[in-house]
Amino acid sequence: MITVPIEHVILMAAILFSLGLTGVLARRNVLFILLSIEVMLNAAGIAFVAAGARWAQADGQIMFLFILTMAAAEVAVGLAIILQYYRHTGTLDVDAMGGGRR
Amino acid sequence: MVRGDFFILLPLIITGGAAVAVMLLISFRRSHLATATVTLVALGAAVISVICVAAAAPRQASALLILDSYALFYMGLIFAAGCAVTMIAYDYFERQTDHREEFYLLLLLATLGSAVLVSSNHFASLFLGLEILSVSLYALIAFHRERLPSVEAGVRYLILAAASSAFLLFGMALIYLERGDMTFFRSTQIASGVPAWSPLLLAGTALLIVGIGFKLALVPFHMWTPDIYEGAPPPATAFIASVSKGAAFVLLLRYVTLFGLHSGSVQSAAIAAIAVASMFFGNLLALREEKVRRVLAYSSIAHMGYLLVAILAAGPLAAVAAGYYLVAYFTSIIGSFGIISVREGREGGGDAVSDYRGYAWRHPWLGGAFTAMLLSLAGIPITAGFVGKFYLLAAGLESSLRLLVVVLVASSAIGLFYYLRIIITLYGPPEAERQGAAITPAVSLAGGVALTALTFLLIWFGAYPAPLLRLIQAMVGG
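Taken in order, these protein sequences are the chains called A and B.
Note that my numbering numbers the first sequence so that position 54 is 54, with each residue one more than the last.
Note that my numbering numbers the second sequence so that position 128 is 128, with each residue one more than the last.
Think of the hints as simulated: they come from the structure by calculation, not from any bench.
The C-beta atom is built at its ideal place from N, Cα and C for all residues, glycine as well.
Certain hints may be false.
If you only want the chain A side, here are some residues facing chain B, beta carbon under 7 Å, derived [stated by the list, open to error]:
id: 1; residue: F17
id: 2; residue: I33
id: 3; residue: A44
id: 4; residue: Q84
Required output: the full structure, derived from the provided sequences and hints.
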C-alpha cells in the first residue's frame, strides 16, 4: 500500500481552501458563492481527516461527518433565503444588493 | 453519560426540549400568545435550573461540555437575555399578522446554540454550538421575508457567517493536526518535545481568530454589521448584538485564558492591534451615520474592542471586568433595540436620527429609558456601563496595558458625541405633523415590563454594583 504523506494532503486542502475563498470573493452569483463556501468547508474536512490519520484517531472523520451535516443544514436554510431574494429582485447577483446608504 | 451528567445538563435539556415543544405547538395550533408564553416560561425555567445545578458545578459532561461556574454564569445571562428578547419580540410581532410564531422557535434554538458555545470544551462542541446559533440566525435575520432589506441582510449574513465557519474549521483542523487533541485544555498545552509555536499552529490560531473576529464583528471583519443591524427585525438585532456576540466572546476568553497569552508575543500583538482598530474605527464611523441602528452597529464594534482589553489584560480582575461589562452591555443594548422595536412596531417610520425628534416628549417613559440606555452605552456615571468601563480600565492598568487604556478612554470620548446627538434629538422640539400621531398605549404589557426591568437593572447595577460584583467574583473570578 502506498501511503500519501500528510504534508501533501494538507497542501491540497490549503489549495482547495484558497480556491474556495477566491470563488467567494470573485463570484457575483449567490449560488456560486455558496458553492465556493462548500469547497472551503470540504477543504477543512480533508484537513480534519488528514489530521485524524496522523494521530490514528477517528475524531478527524467524525468532524468531517459533522461538517457534512452542518453544510446540508446550512444549504437548506440558505437556499430558502436565496429563493426569497430572487423573488424580490429577479436576479442572483450580489452586486444588485443595495447598501444601507441607498 | 451518567445521571449526574443529565442533571448538570438540565439548562440545555430544557431549552432543547422547549424548542421541540414550541415546534409541535405551532403545528397543532397557531397562537402568538401561547407560543410566546411557552418560550418565556421555558427560558425562565432554564434560568432557574442554572441556579439549581450551580451546586453540582464544576462537572465535565462527556468530553464535549464543561459546566463550571464560568459557563453557568454566562448561561444564566444568555437565558435571561433570551427572556428579555422574547418579551420585546412579543410586543413587536403583536401588530403583525403573518407567520410570527416561528420567531420564538428560532430564538430558542439560537439561545441553545449560544449556551452550548459558552460551555464547550472541545472543537466539536464549539462547532456544533456555533452552527446551531448561526443557522437559526440566518432565518431570524431574514424573518421579514416580504421585505427586501431583511432578505438581503439574511443573504449577507449567510455568506459571511458560512465563510467564517470555514475559516474556523480550517484553523481547528490545523491545530488538531499539530496537537493531536481537540479538547481545549489539551490542545493548548505544550507537549514535551514539541516546539511551543510551530508555523502550523500559528496559522491555525490565526484562522481561528479570523473566524471568531467575524462573529464578534471586530475591525477588519466588521463590514457586515451595519447592513444586518439595519435589515433584520429589531428583536433579532437585539439578539445578535447581545447574545450572539457575547457567547462568542465568552468562548474566546476561555480559550485565550487556557492558552496563556504572553505579552509581547505575536498573538497578543495581533489582538491588541485588532482591539485598537475596533475601538477607533467603530467610534469614528458611527459619527458619520445618520441612522440610529447603523450608529448602534458601529458602536457595538467599539464595545467589542473595549472587551478585548479584558482578554489582553488576563487574570482574575480582567475576568470580573469582562463579566461586569458584558452584563452592562447586554442590558443596555437589548434595552436600546427594545425601544427601537417598540417604536417601529407601532409608529413605523424611518430609522434616521431625525425621525426620533421629539420622541421623548410624546412618550416620556420610553424616551427616558432610551436616554438611560444610551448613557450607559456611552459610560456615564450612575449607569451600569460606567462601572463596567471602570473595571475594564482598572484591569488594563493592573496589567500595565497603557496604550490600550489610553485608546479606550480617547475613543470613549469620541463615542460620547454620537450618543449625545441621539439624546439631544430625542428631546428636540417635535415636528408639527407628528404631534397628533401618538398611539396609545405606547407599549404593550410584555414590552413595558421588559423595558422597565432593563432600565431598573441598568441604574441598580450602576448605582449599587456591589451585589452583582460579588456574584461575578464568586462565579468567574476564581
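Now the hints, each set against the structure:
1. F17: With Cβ-Cβ at 6 Å, under 7 Å, it holds.
2. I33: With a closest approach of 6 Å, the I33(A) hint holds.
3. A44: Constraint on A44(A) satisfied, holds at 4 Å.
4. Q84: holds (5 Å)
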